[in-house]
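Protein chains in written order, with the numbering used here: chain A, 128 to 208; chain B, 213 to 815.
Keep in mind that the hints were calculated from the coordinates and are not lab data. Just so you know, not all the hints are guaranteed correct.
Restraint ranges, calculated between C-beta atoms of paired labels, are given here [as the list claims (entries may be wrong)]:
#1 A:Ser149 <-> B:Asn782: 42 to 48 Å
#2 B:Asp468 <-> A:Glu148: 36 to 42 Å
#3 A:Gly207 <-> B:Glu273: 42 to 48 Å
#4 A:Arg142 <-> B:Gln367: 50 to 56 Å
#5 A:Leu167 <-> B:Arg243: 23 to 29 Å
#6 A:Arg142 <-> B:Thr775: 52 to 58 Å
#7 B:Thr668 <-> A:Asp200: 55 to 61 Å
#8 B:Lys231 <-> A:Gln188: 24 to 30 Å
#9 B:Gln587 <-> A:Ser149: 40 to 46 Å
#10 A:His169 <-> B:Gln587: 44 to 50 Å
#11 A:His169 <-> B:Asp468: 45 to 51 Å
#12 A:Asp200 <-> B:Gln573: 47 to 53 Å
List of simulated lysine to any residue pairs, SDA-like, C-alpha gap at most 25 Å [what the hints assert, rightly or not]:
#13 B:Lys230 <-> A:Gln205
#14 B:Lys231 <-> A:Gln188
#15 B:Lys231 <-> A:Ile206
#16 B:Lys231 <-> B:Gln429
#17 B:Lys230 <-> A:Gly207
#18 B:Lys231 <-> A:Ile201
#19 B:Lys423 <-> A:Thr151
#20 B:Lys230 <-> A:Ile206
#21 B:Lys423 <-> A:Val190
#22 B:Lys231 <-> A:Ser185
Beta carbons: idealized from backbone N, C-alpha and C, even for Gly.
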Amino acid sequence: MTRERVFETLNEVFRDVFDDESITVEEETTADDIEDWDSLEHINLIAAVEQEFGMKFSMGQVVSMKNVGEMADIIMSQIGD
Amino acid sequence: MKELEYPFDSEYILKNAKKLKRMLLAEETSRMKKKIAVLGGSTTHDIIRILELFLLHQGIEPEFYESEYGQYFQDAMFGNERLDAFAPDIIFIHTSNRNVTAYPKPGDGREETEALLEEQYGHFAAMWDKLEADYHCPVIQNNFEYPFYRLLGNQDGAAISGRTRFLSRLNERFYQYGETHGNFYINDINYISAAYGLDKWSDPFYWHMYKYCLCLQAIPEFAHNLCNIIKAVFGKNKKALVLDLDNTLWGGVVGDDGAENLEIGQETSMGQVYAEFQSYIKAQKDIGVMLNINSKNEEENAMAGLNHPAGVLKPEDFIVIKANWEPKSRNLSEIAEELNILPESLVFVDDNPAEREIVRQQTPAAVPEIGKPEQYIHVLDRSGFFEVTSLSEDDRRRSDMYRANRMREKQQAEFADYGEYLRSLKMKGTIRSFEPVYMARIAQLTNKSNQFNLTTRRYTQGEIEQAAADKRQITLYGKLEDKFGDNGVVSVVIGHKEEDALHIDLWIMSCRVLKRDMEYAMMDRLAEECQKAGIPKIIGYYYPTAKNKMVENFYGLQGFVKTEEDDNGNTVWQYEIPETYEKKNKYIEIERNGEKDDKRKSI
């Protein structure tokens, strides 16, 4: 899966979870950029991303992820092609 | 909303919760408002978020109080102004085995474990007692799921010092508490976690990452299970099953194949599946569910199928049998009418997706996606349509009572004069102030009655007990018996004294005794109680809902005069009790023996 395709899919997940069709995430997007993205919604977001890509984040990855770009890195390293 | 009906897609619900909530709130439907306090021993955020969806779907609009993280015990025990001001209608305590603070050590004997058990149980029991004393509302308490590891291996569940055994015994103590406290309900996460898969349920990731005692993906199952208890407590249970026959209760089409060739009984695998399903359906009668048939068949063929020697269900198990070629949606509406219940209290079970769709479109009945025959029991059972909160004698006998009603109706047709018919019923009534044995049934009635209900005020058992104990209130329940059987408690009236009048807070009656003079017998007794207490006036209130139009002019019929009416149709009625009150009930003999006069409250 290309990085571009990963971001397209991430956009869909973010829009569903936050029920906001205007969201577009980029490499540098963090929780500060999206109004409803607090630590509680984060749990649900992570689970939705995992389900969408059919992969699991480890606890260490969830804790250290800094922005959506790093999230995409982990996703790409786990789902292969 | 189909997305929230069992079997549902949990991940879809979690991901789209915001959208689902928006859609639910946009539905034009009236919902009862309830205040729910969630006292958590672990994170409760997503539990509340998903529970809200299921409650909205059940017609309950919740307002939540959420304790600070892990503060369930403190909130309950040490006074809490915010919780007091919130005044919950129901309290849910969300604890898990993560909140058990001490376990036996391997090798501990009976005495040490007994002491530990007492200590852990005491922590909870003290809290429940306090909540009961402070809030008088129903309390829902999780039991404990099994631990996610077994220190003693297979002995963990068997040895006295095993943790699994310890949790089982603690659960048993919880159940014993429930047996002696009517307003206390167990949310059985022990069962739900097992059904979900304990390893997945207890995934430590969610505990250490977010302090959830269960995995996020299990929350919809958890919330649905919890919602079933809440909606049952607030009277939102379904009341009757409406069943198709061919390929639903047996394999094959009786009209084509002949009764002798149906798949039912022990000879084939499919026959066994249908026999087990019939046993499951038959057992529903014991929890008060009324069984009915809605089938496209010649009646003769339907009866031949139901009389199959290997069948478990027999024609006499059903109250209404509709076997004809009318649209099933029309049959279903007629069944509701004949049972005197609302169509939304029915659950329609049919293997044919086209029939399900038309009933779903045309009626408000619940229509589960029932799956394959071997899944029927699972889907129906887990849907929780008939969630049991307390089993009253009336529940067990409901089908008999409704059958007796059908016989009364048949008899009625034979009498030229209605009064003659009423006399022939040889009715005996009992009308008394609330008594302890009937508190649960009375509370249940206040939550279930929608049609013959003047104010639609709902009471918990605690509130009923309070009303009974309050000297400023007059409480009456009425039982009715006739030659066909005992109808049990069928009517309830609660009023409170204010200045020189009794204000009626609640007047309800079960529709199955409509036009039997019971409403007059209650009025007679109410007038008598008022006279005894020196109250000259009775003020009645009627608040219209979508369902109680039948009693719009009830007070008028009782001789009240309308004194107020607002734009919403709310009316106020007044009745001056004449010095010589003439009894309105002519056909029910009222039983008065056995009532001690000194027990009656003076006002």
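Tested hints:
A hinted range of 42 to 48 Å holds for the C-beta pair Ser149 (chain A) and Asn782 (chain B), which are about 45 Å apart. The hinted range of 36 to 42 Å is not satisfied by Asp468 (chain B) and Glu148 (chain A), whose Cβ atoms lie roughly 52 Å apart. As the Cβ distance of Gly207 (chain A) to Glu273 (chain B) is approximately 47 Å, the hint placing it in 42 to 48 Å holds. Checking the proposed 50 to 56 Å range against Arg142 (chain A) and Gln367 (chain B) shows it holds: the Cβ atoms sit about 52 Å from each other.
At roughly 25 Å, the beta-carbon separation of Leu167 (chain A) and Arg243 (chain B) lies within the given 23 to 29 Å, and the hint holds. Evaluation of the 52 to 58 Å hint for Arg142 (chain A) and Thr775 (chain B) yields a pass: the beta carbon distance comes to about 57 Å. Checking the proposed 55 to 61 Å range against Thr668 (chain B) and Asp200 (chain A) shows it holds: the Cβ atoms sit about 58 Å from each other. Range check, Lys231 (chain B) to Gln188 (chain A): Cβ separation about 28 Å, and the 24 to 30 Å hint holds.
At about 42 Å, the CB distance of Gln587 (chain B) to Ser149 (chain A) agrees with the hint of 40 to 46 Å. Our hint of 44 to 50 Å for His169 (chain A) and Gln587 (chain B) is violated, since their Cβ atoms are close to 36 Å apart. The given range of 45 to 51 Å is broken by His169 (chain A) and Asp468 (chain B), whose C-beta atoms sit roughly 58 Å from each other. For the hinted restraint 47 to 53 Å between Asp200 (chain A) and Gln573 (chain B), the CB-CB distance of approximately 49 Å keeps it satisfied.
For the hint pairing Lys230 (chain B) with Gln205 (chain A), the CA-to-CA distance comes to about 29 Å; that exceeds 25 Å, so the pair is violated. Pair hint Lys231 (chain B) plus Gln188 (chain A) does not hold up; C-alpha atoms about 29 Å apart against a cutoff of 25 Å. Taking the CA atoms of Lys231 (chain B) and Ile206 (chain A), the gap is near 29 Å; set against the 25 Å cutoff, the hint is violated. Between Lys231 (chain B) and Gln429 (chain B), the direct Cα distance comes to roughly 18 Å. Compliance with the 25 Å bound is thereby established for this hinted pair.
The straight-line distance between the Cα atoms of Lys230 (chain B) and Gly207 (chain A) is roughly 32 Å, outside the 25 Å bound, and the hint therefore fails. Distance check on the hinted pair: Lys231 (chain B) and Ile201 (chain A) sit about 28 Å apart at the alpha-carbon level, beyond 25 Å; violated. The suggested pairing of Lys423 (chain B) with Thr151 (chain A) is violated, with an alpha-carbon distance near 30 Å, which exceeds 25 Å. For the hint linking Lys230 (chain B) to Ile206 (chain A), the alpha-carbon distance of about 28 Å lies beyond 25 Å, and the restraint is violated.
Pair hint Lys423 (chain B) plus Val190 (chain A) holds up; C-alpha atoms about 14 Å apart against a cutoff of 25 Å. For the proposed pair Lys231 (chain B) and Ser185 (chain A), the alpha carbon gap of about 28 Å is over 25 Å, so the pair is violated.
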